[in-house]
Amino acid sequence: MNDVLGEAILALTPDSHPPLKIVMVGHVDHGKSTVIGRLFHDTGSLPEGKVEAIKAMCDRRGMPFEWAFLMDALKAERDQGITIDVSYIHFRTGQRECVLIDAPGHREFLKNMVSGAAQADAAVLVVDANEGVQEQTRRHAYLLHLLGIRQVVVAVNKMDLVGFDEGRFLTVTAEVKHYLADLGLDTLHTLIVPVSAREGDNVVTPSASMPWYDGPTLERSLDSLHPPPTSSDLPLRFPIQDVYKFDDRRILAGRIESGHLRVGDQLLFSPTNKTARVASIEVWNTDEPVLAARAGQSVGITLDEPIFIERGQVASQTFNAPMLTSVFRGRVFWLGHKPMLPGNRYKLKLNTAEHLVEVQEIERVVDVSDLGKSAADRVERNSVAEVVLRSRGLMSLDPFEVNLHTGRFVLVEDFDIVGGGLISMDGYADQRPGQVQKATNIFRVAHRVPTEDRWAANRHKSGILWMTGLSGAGKSTLAFTLEQYLFRKGYQVYVLDGDNVRHGLCADLGFSPEDRVENIRRVGQAAALFAHAGFLVITSFISPYRSDRDRVRALAPEDFHEIFIDADLEACEKRDPKGLYAKARRGEITDFTGISAPYERPILPEMRVDTTQHSVEDCVALLADYVTSRFGL
Amino acid sequence: MDSLNPFPSRKIGPTMDYLDVLEHRTIYILREAFNRIDRPAILWSLGKDSNAMLWMVRKAFFGYVPMPAVHIDTGKKFPEMYAFRERFAREWGLDLKVGGCPPVEEMDPTLPPAARSAARKTAGLKLMLEREKFGGLIAGIRRDEEGTRAKERVFSPRGEENKWDFRDQPPEFWDQFKTDFPPGTHLRVHPILHWTEIDIWRYIQREGIPVVDLYFAKNGKRYRSLGDQDITFPVDSTASTLDEIIAELKRTKVAERSGRAMDHESEDAFERLRADGYL
Numbered sequence: 001m002n003d004v005l006g007e008a009i010l011a012l013t014p015d016s017h018p019p020l021k022i023v024m025v026g027h028v029d030h031g032k033s034t035v036i037g038r039l040f041h042d043t044g045s046l047p048e049g050k051v052e053a054i055k056a057m058c059d060r061r062g063m064p065f066e067w068a069f070l071m072d073a074l075k076a077e078r079d080q081g082i083t084i085d086v087s088y089i090h091f092r093t094g095q096r097e098c099v100l101i102d103a104p105g106h107r108e109f110l111k112n113m114v115s116g117a118a119q120a121d122a123a124v125l126v127v128d129a130n131e132g133v134q135e136q137t138r139r140h141a142y143l144l145h146l147l148g149i150r151q152v153v154v155a156v157n158k159m160d161l162v163g164f165d166e167g168r169f170l171t172v173t174a175e176v177k178h179y180l181a182d183l184g185l186d187t188l189h190t191l192i193v194p195v196s197a198r199e200g201d202n203v204v205t206p207s208a209s210m211p212w213y214d215g216p217t218l219e220r221s222l223d224s225l226h227p228p229p230t231s232s233d234l235p236l237r238f239p240i241q242d243v244y245k246f247d248d249r250r251i252l253a254g255r256i257e258s259g260h261l262r263v264g265d266q267l268l269f270s271p272t273n274k275t276a277r278v279a280s281i282e283v284w285n286t287d288e289p290v291l292a293a294r295a296g297q298s299v300g301i302t303l304d305e306p307i308f309i310e311r312g313q314v315a316s317q318t319f320n321a322p323m324l325t326s327v328f329r330g331r332v333f334w335l336g337h338k339p340m341l342p343g344n345r346y347k348l349k350l351n352t353a354e355h356l357v358e359v360q361e362i363e364r365v366v367d368v369s370d371l372g373k374s375a376a377d378r379v380e381r382n383s384v385a386e387v388v389l390r391s392r393g394l395m396s397l398d399p400f401e402v403n404l405h406t407g408r409f410v411l412v413e414d415f416d417i418v419g420g421g422l423i424s425m426d427g428y429a430d431q432r433p434g435q436v437q438k439a440t441n442i443f444r445v446a447h448r449v450p451t452e453d454r455w456a457a458n459r460h461k462s463g464i465l466w467m468t469g470l471s472g473a474g475k476s477t478l479a480f481t482l483e484q485y486l487f488r489k490g491y492q493v494y495v496l497d498g499d500n501v502r503h504g505l506c507a508d509l510g511f512s513p514e515d516r517v518e519n520i521r522r523v524g525q526a527a528a529l530f531a532h533a534g535f536l537v538i539t540s541f542i543s544p545y546r547s548d549r550d551r552v553r554a555l556a557p558e559d560f561h562e563i564f565i566d567a568d569l570e571a572c573e574k575r576d577p578k579g580l581y582a583k584a585r586r587g588e589i590t591d592f593t594g595i596s597a598p599y600e601r602p603i604l605p606e607m608r609v610d611t612t613q614h615s616v617e618d619c620v621a622l623l624a625d626y627v628t629s630r631f632g633l
Numbered sequence: 001m002d003s004l005n006p007f008p009s010r011k012i013g014p015t016m017d018y019l020d021v022l023e024h025r026t027i028y029i030l031r032e033a034f035n036r037i038d039r040p041a042i043l044w045s046l047g048k049d050s051n052a053m054l055w056m057v058r059k060a061f062f063g064y065v066p067m068p069a070v071h072i073d074t075g076k077k078f079p080e081m082y083a084f085r086e087r088f089a090r091e092w093g094l095d096l097k098v099g100g101c102p103p104v105e106e107m108d109p110t111l112p113p114a115a116r117s118a119a120r121k122t123a124g125l126k127l128m129l130e131r132e133k134f135g136g137l138i139a140g141i142r143r144d145e146e147g148t149r150a151k152e153r154v155f156s157p158r159g160e161e162n163k164w165d166f167r168d169q170p171p172e173f174w175d176q177f178k179t180d181f182p183p184g185t186h187l188r189v190h191p192i193l194h195w196t197e198i199d200i201w202r203y204i205q206r207e208g209i210p211v212v213d214l215y216f217a218k219n220g221k222r223y224r225s226l227g228d229q230d231i232t233f234p235v236d237s238t239a240s241t242l243d244e245i246i247a248e249l250k251r252t253k254v255a256e257r258s259g260r261a262m263d264h265e266s267e268d269a270f271e272r273l274r275a276d277g278y279l
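Chains as they are written, first to last, in this note's numbering: chain Z, 1 to 633; chain V, 1 to 279.
Read the hints as simulated data drawn from the structure, not as lab findings. Nothing here was measured: the structure is a model prediction, and the numbers come from that model. Don't take every hint at face value.
Unchecked claim - Distance ranges between label pairs, derived from CB positions: (1) 112/V with 263/Z: 56 to 62 Å; (2) 245/Z with 218/V: 43 to 49 Å; (3) 181/Z with 39/V: 24 to 30 Å; (4) 17/V with 174/Z: 37 to 43 Å; (5) 63/V with 189/Z: 44 to 50 Å; (6) 63/V with 392/Z: 35 to 41 Å; (7) 183/V with 608/Z: 42 to 48 Å; (8) 250/V with 288/Z: 28 to 34 Å; (9) 166/Z with 17/V: 39 to 45 Å.
Claimed, not checked - Cross-link-like lysine-lysine pairs, in silico, DSS-like; alpha carbons within 30 Å at most: (10) 133/V with 347/Z; (11) 133/V with 245/Z; (12) 55/Z with 250/V; (13) 21/Z with 250/V; (14) 50/Z with 221/V; (15) 347/Z with 163/V.
Said to hold, decoys possible - Partial list, computed: chain V residues near chain Z (C-beta under 7 Å): (16) 16; (17) 18; (18) 62; (19) 64; (20) 170; (21) 180; (22) 240.
Backbone N, C-alpha and C define an ideal beta-carbon position, used for all residues, glycine too.
Please build the complete structure, drawing on both the sequences and the hints.
If you want it as structure tokens, here you go:
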């Protein structure tokens with residue numbers, strides 16, 4: 001017997017809009033089923049005789065009419081005894097067709113929720129007027145937020161049990177708004193409706209018992225929701241899904257995730273940084289040529305030049321391109337049976353691209369009931385965490401807050417999707433090679449003094465001792481002490497220090513991720529010049545990003561020596577020679593490495609010096625030995 | 001300013017309508033299946049849904065059907081269906097593979113009669129899979145057709161013997177599908193899962209997709225759903241045009257598969273069929 005549902009579906013008239021997909025969530029026993037039952041009944045979405053059947057069933061058991069049975073009965077028929085997974089039930093309000101996505105089950109809630117609710121346009125959060133916001137209320141609201149659902153209608157249910165009291169409603173309203181605001185939701189436009197699903201107040205029929213409420217009913221509130229706006233106004237993101245050559249055309253196929261493209265547009269492909277123009281938009285079975293395409297469309301294009309393109313590349317306009325990075329922060333929800341651990345590797349799927357990523361760090365696990373965060377060394381099934389993921393190659397992506405379509409990913413382990421997450425680039429910089437030479441009429445002129453001759457004159461080789469480490473780890477102290485020692489021994493040696501260059505060479509730069517990248521680029525170039533001039537250069541910069549240090553290494557791969565000045569955050573903070581940690585803790589300095597910006601430890605430094613274990617003298621002695629062995633002639 | 005309108009074409013107009021949204025998602029899924037599956041094939045039942053799906057295959061692949069079209073033939077279809085198959089296999093340039101089915105006597109005798117008859121199709125499908133070694137099948141089922149189908153995933157892995165484990169399905173969200181499998185796993189892909197019956201008819205009307213005449217009413221009867229002659233029955237209807245079918249569907253109180261006997265013989269007959277690999 002499927003007629004019940006068939007009927008509910010078929011009684012609807014699809015109009016030009018897709019049905020609004022709604023997910024219903026809330027704490028157990030706050031009356032979700034009753035709200036659904038009442039909504040279906042009062043909107044006339046139920047088949048004839050259904051209510052009578054439930055009434056008879058309740059009479060037989062000598063109990064008052066129970067709306068929740070209606071939902072169970074509908075489901076039982078639909079499910080034929082399987083109540084395992086997500087179901088889709090159509091109904092209609094006065095204004096529009098809706099699909100209720102019902103994700104049952106408490107045990108597997110997260111998996112069901114992401115499979116169903118991830119595609120919802122909006123959610124109804126049911127809260128008991130008597131109990132107010134409870135653990136699952138918070139949990140569900142948090143997950144909705146994480147899944148990108150920004151439209152929430154709150155039904156404060158069981159108003160009959162609190163005597164339809166306005167004061168109680170306002171208290172619960174304030175509670176709910178407080179939590180939603182913490183999540184970053186727009187509470188100004190969140191509709192909060194006092195209802196009694198059991199009595200039918202304010203579900204579809206305006207309540208006579210709550211004359212103080214003049215807002216919309218629950219049904220009218222649903223009518224006020226919108227399908228999510230299309231992403232056509234965002235910058236173009238066209239991830240390549242496949243390349244077809246069924247005939248003499250080479251067609252790049254894919255779905256435009258955001259923005260639009262036109263024939264003749266110059267496209268930039270990431271991460272290869274190649275460009276070409278759109279020669280045509282290919283469409284089968286159409287008379288008129290198609291000249292433009294937009295977000296949501298699965299299209300095919302040809303290019304004017306035969307550049308190498310493969311699945312996973314992302315086409316954009318030449319301006320407003322996606323970010324390129326080998327590292328990002330992810331807020332992940334974890335569905336894996338095995339915990340996520342630092343160092344674990346997973347396959348990351350981001351639109352059509354796949355990358356092998358390693359968990360560099362688990363920063364914190366989020367307690368969704370109070371949004372509290374705590375340090376943890378693992379992420380267990382069904383929990384949410386903030387982690388740092390790193391890949392070998394460059395990934396094209398956007399922060400989730402900028403573009404949800406290209407700012408989210410899933411992780412795969414042993415053939416299974418084990419988690420999903422949203423991308424944040426807080427503290428990380430775009431690694432797109434931006435330092436393109438701006439002037440073009442520049443030629444390199446060969447020196448007539450070979451570097452080897454300079455070495456012979458100085459009686460030592462030249463190179464870069466690149467000291468990296470947290471603020472307060474001891475970089476400057478060691479650098480200047482070592483400089484003094486080596487100078488006395490006859491070395492041509494010079495220190496480039498972070499604080500000093502920021503007074504001149506890099507005076508125009510701040511501490512944003514982009515500025516940090518540029519700072520290190522300039523220092524790297526300067527250090528390479530010194531090294532070329534025969535000097536032993538010692539640099540003393542926090543240089544927190546591995547990618548930046550690697551880039552300097554690439555400038556002078558033979559001469560670069562990464563020296564990790566290692567001291568843990570606690571020790572550095574205790575030393576705090578410049579009082580900076582204290583300021584950062586007070587929030588007076590933003591983007592402070594170790595506190596509010598990341599530090600990426602070197603993986604294979606040429607040398608590591610632990611300043612918490614050795615005195616300054618011992619450290620300098622270790623460094624001097626290293627210099628003698630590597631730079632002596 | 002009109003000459004600068006970036007969207008001069010109706011097809012790529014400034015807004016996508018309801019059917020466009022459904023269609024473009026289906027095309028995305030079809031392309032994912034084609035890219036991710038080793039040796040895919042598309043199931044062609046000759047019914048309205050698989051015709052609409054094949055139409056979208058041709059849109060997805062720019063006029064081509066770059067994979068075999070499989071018809072599992074129980075030998076008991078309507079003559080009109082066979083005529084339709086021959087004509088459009090030729091017109092659409094299909095690489096058609098017809099698979100036969102074992103006799104009903106070889107089917108599970110504990111199944112009710114119509115379900116037992118329908119089980120032949122599952123057996124025929126298994127024979128075809130063994131013969132052709134398809135890595136995955138693209139099938140035109142829809143969520144609104146029937147309860148167990150409402151729970152399906154777009155990419156639905158099948159274990160040993162093509163069985164469907166509906167109790168432990170992979171998560172599927174943000175259009176990231178399960179596309180990683182141990183060798184030997186067989187996959188079902190459902191590109192029109194999100195369509196409803198009336199959507200399909202409206203799309204058939206908009207696109208001018210051919211369908212078997214049996215869907216149109218003659219002498220007060222028409223078929224809502226096409227299967228084997230002996231276990232499929234027409235419904236009362238006077239809808240003899242696409243407009244009339246769509247109008248009928250807006251008001252009908254009868255379920256789409258009400259004319260399919262095996263759905264209704266016992267409470268769990270259809271679920272048993274599906275768990276065993278029936279579409």
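Practice task
Could you tell me which of the numbered hints above are not met by this structure, giving the numbers in increasing order?
Solution key: Hint check: 3 and 22 fail, others pass.
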